[in-house]
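Chemist: When you number the sequence shown by this note's numbering, it's gap-free, plus one each residue, and the end is 384.
I should point out that these hints are in silico values taken from the structure, not numbers from a laboratory.
In this text, all values refer to a predicted model and were calculated from it rather than measured experimentally.
Mixed in with the good hints, there may be bad ones.
What the hints assert, rightly or not - With a Cα cut of at most 30 Å, we get these calculated DSS-like pairs of lysine-lysine:
id : residue 1 : residue 2
1  : K305      : K348
2  : K343      : K381
3  : K360      : K305
4  : K360      : K312
5  : K360      : K343
6  : K346      : K305
7  : K312      : K346
8  : K312      : K381
9  : K360      : K348
10 : K312      : K343
11 : K312      : K352
12 : K381      : K305
13 : K343      : K305
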Amino acid sequence: GINAEYGGQIQNQLSGKASESTLPLQQQLLLCSVAIATAKKNGNTQESVTLGKLHLILNKVCSSRSLACPDFSEFVDMTGLLESRGLVSVKRNKDKRQEKVTLRIQCKELELVLEDQTLLSSIMDNAAKFAL
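Sequences and hints are given; from them, build the entire structure.
Modeler: Put into structure tokens, the structure is as follows:
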């Protein structure tokens with residue numbers, strides 16, 4: 253499946269050799285937000301979330317860290333970049349805010365990849381605060 257094909261590739265993209273990620277911080281936060289929005293108790297699901305709801309979650313995550321949150325059009329661009337890397341999939345809709353985003357890697361795998369980055373793992377540990 254997808255994890256077998258992309259798992260190692262994603263791990264390399266996200267963790268990088270010098271333990272610095274190749275993804276900008278805001279895209280990593282967005283990825284965490286998708287994981288938070290689609291996570292179930294077992295941490296393994298393929299549910300989707302609308303762009304509108306996802307943007308609200310990202311706002312909560314950013315403000316909890318005193319970081320600027322991207323406006324909606326910037327946010328849509330960031331989602332497109334994650335989609336082009338194969339990390340999320342987006343189901344198109346006439347109304348942008350109703351487009352559905354799905355995480356294409358398992359939440360557990362994402363947590364392993366982000367584990368060494370304190371900021372991101374603390375967001376994942378406090379996921380309940382950000383879920384809508």
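Chemist: If a hint holds in the structure, say so; if it does not, say that too.
Modeler: Comparing the hints with the structure gives:
At most 30 Å may separate the alpha-carbon atoms for a hinted pair to count; K305 and K348 meet this at roughly 11 Å. Distance restraint check for K343 and K381: the Cα-Cα separation of roughly 27 Å lies within the 30 Å cut-off, and the hinted pair is therefore satisfied. Distance check on the hinted pair: K360 and K305 sit about 22 Å apart at the alpha-carbon level, within 30 Å; holds. Our distance criterion of 30 Å between C-alpha atoms is met by K360 and K312, whose separation comes to about 22 Å.
Restraint check for K360 and K343: satisfied, since their Cα atoms lie roughly 23 Å apart, inside the 30 Å limit. This hinted pair checks out: K346 and K305 have alpha carbons roughly 16 Å apart, not beyond 30 Å. With a CA separation close to 26 Å, the supplied pair K312 and K346 stays within the 30 Å bound. With a C-alpha separation of about 9 Å, the suggested pair K312 and K381 falls inside the 30 Å cut-off, and the hint holds.
For the proposed pair K360 and K348, the alpha carbon gap of about 28 Å is at most 30 Å, so the pair holds. At roughly 24 Å between alpha-carbon atoms, K312 and K343 fall within 30 Å of each other, so this suggested pair holds. As the CA atoms of K312 and K352 are separated by approximately 19 Å, the hinted pair is consistent with the 30 Å bound. The suggested pairing of K381 with K305 holds, with an alpha-carbon distance near 15 Å, which does not exceed 30 Å.
Of the pairs offered as hints, the one joining K343 and K305 holds, with about 14 Å between alpha carbons and a cut-off of 30 Å not exceeded.
When each numbered hint is compared with the structure, no violation occurs for any of them.
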